[in-house]
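Novice: Quick one: dock chain against chain with the hints and give me the complex.
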Amino acid sequence: MSDIATSLNGASFEGITRVEEMRAQGMITLRGDFADPAFVSAVTGLVEADMPGQRQVSTGAERSILWMSPDELMVLCTYAEAPILEAKLRDALADQHALVANVSDARACFELVGGDLREVLAKLAPVDMSPEAFAVGDLRRTRLAQVAGAFWLSSEDKAQIVCFRSVGEYMFNLLKTAAQPGSSVGFI
Amino acid sequence: MLILECPYCGVKAEETELTAGGEAHLKRYGPGSSDDEFEGYLFTRENPMGVHFERWRHSNGCGKWFHAARSTTTLEVFGTYSAQTTEPPQEIKDKISARHPGWSWRDQS
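Going line by line, the protein sequences match chains A and B. Counting from 1, position 132 in the first sequence corresponds to residue 132 in full-length UniProt numbering; the numbering is continuous, with no gaps. Counting from 1, position 66 in the second sequence corresponds to residue 66 in full-length UniProt numbering; the numbering is continuous, with no gaps.
Hints listed in this document are in silico derivations from the structure and should not be mistaken for laboratory results. Just so it is clear, CB atoms sit at the ideal spot from N, CA and C, and this is done for glycine as well. Fair warning: there could be bad hints in the mix.
Said to hold, decoys possible - Derived pair list, reagent style BS3-like, types lysine-lysine, alpha-carbon separation capped at 30 Å:
id : chain 1 : residue 1 : chain 2 : residue 2
1  : A       : Lys123    : A       : Lys88
2  : A       : Lys158    : B       : Lys12
3  : B       : Lys93     : A       : Lys158
Claimed, not checked - Chain B is nowhere near these chain A residues, computed Cβ spacing over 10 Å in every case:
id : residue
4  : Gly15
5  : Asp33
6  : Asp36
Next up, chain B with everything else stripped away, as it sits in the complex (with noise of 0.2 Å):
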């Protein structure tokens, strides 16, 4: 069973207390893009065997977007952090290092 810490009501939420949202952090390419950043921003996703960025909602609870950061291998959980930035907090990325020595995901190492 997945626990996650909301980042805005402080509950520790099991699983079938959120909806997961899918991948963290894309940019979103819209008019005015070229076709092959509008297909990247639709259709390409990573699928990592380790360390992944996702979109969660507290859906039966506060009902807040957050982002999480976890294994995909060993579903250890790094942190959870708020959904209003771009890019993983600092501290967060710190943990992954200490854990995943030279992990990397899309542009985030």
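Only chain A is shown next, with the shape it has when bound in the complex (with noise of 0.2 Å):
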């Protein structure tokens, strides 16, 4: 199979906290009526993960759902298995009003491990990061500088972040500006 191109070829730098782009992450947006039971169990059934809560991500053994707005989801899949993913909920909901498309090529993804994460973060987006207030599965759609964003925790030491691949340079340039060696505010 040939290589896939994302947006930077999976550039990554050393600050604060480590800033990567994820190589392929799949992804399928999904939009539906969550309060119909037929797109809600035919969407958690393929995907094999819960329906997550307003503003909640909800992790499955291999996928995720993300909740984005009161009628759109993102699944996170394996980059190999998202067209296929995205045949069988296309099917599975072809008799609702209902949305399925792969993005994959779409946006740009990027992750931050260790360190002041959420110091990273707090920089850039008006989102109170403190632990209190944003918790390991909460999700945030945002705005980072200039441009829209979603971001969630997948762990205490890991965040991920989604935004249009068109400004995928832009994004990495600011996850870098923002995690600066030394640039550590210590307030978060």
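Specialist: Quick look at the structure:
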């Protein structure tokens, strides 16, 4: 199989936290009626993860579901599996007013590992990043400096950020600047 | 800094996460309406000193439109509510009445 070209081809940076572009994350956008049991059971059954609560991430054995808005979810899976899962979801939701789209190549995905990752996010987004206000499993769609993005903590020392691919380089430069060595504020 | 709570995703969003969408509860006059009605729909806007109703969009967030009731002079926010309505809910109106007895805005009071 040919190499998958991501926005920055897996660039990384070591600062007060490690910033890394994730190679080939599979992402599927789903829209539908969360109140409809048929929609919920089709999605949770195929993705094998529970329905997430408001602004939450629900992690299953292999895949995750992110709550993006009251009628929008994002499914995380492997890059190779995304088109297959997309087709299965489209089949299962065929008789409903729902949307399924494989957006793996339309987004850029970054990972912050270890160190002061909460501080790096707090520098860029208008979000209270204290551990009481933003816990592991919480998701937030917001802006990071001048572009829209979503981020969540998959564990206390790992955060993931998703933005549009067209602003991937901007996002990487932002994260690099916010994670400059010696730039810890020590506030959070 | 204006902080509005998005009624759809529950985020207390600050102004930079939102986009202002102009006056709320406009009635659209389209084909078949009189010239005066159409002109009013296009151009006539409230510009109050005090209670005002506005549309906002949580653009850097869940992307939903919602309504906000606030005071243009004190920047006090009386509340935000769903976009799926043609007039402010009674509970918002009660909150405004408690702070500004006798207020009025277009045909609301």
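Novice: Are the hints correct? Go through all of them and say.
Specialist: These are the hints, each one checked on the structure:
| no. | hint | in the structure |
| --- | --- | --- |
| 1 | A:Lys123 - A:Lys88 | violated, 40 Å |
| 2 | A:Lys158 - B:Lys12 | holds, 24 Å |
| 3 | B:Lys93 - A:Lys158 | violated, 45 Å |
| 4 | Gly15 | holds, 25 Å |
| 5 | Asp33 | holds, 14 Å |
| 6 | Asp36 | holds, 18 Å |
When held up to the earlier numbered hints, the structure conflicts with 1 and 3 and fits the remainder.
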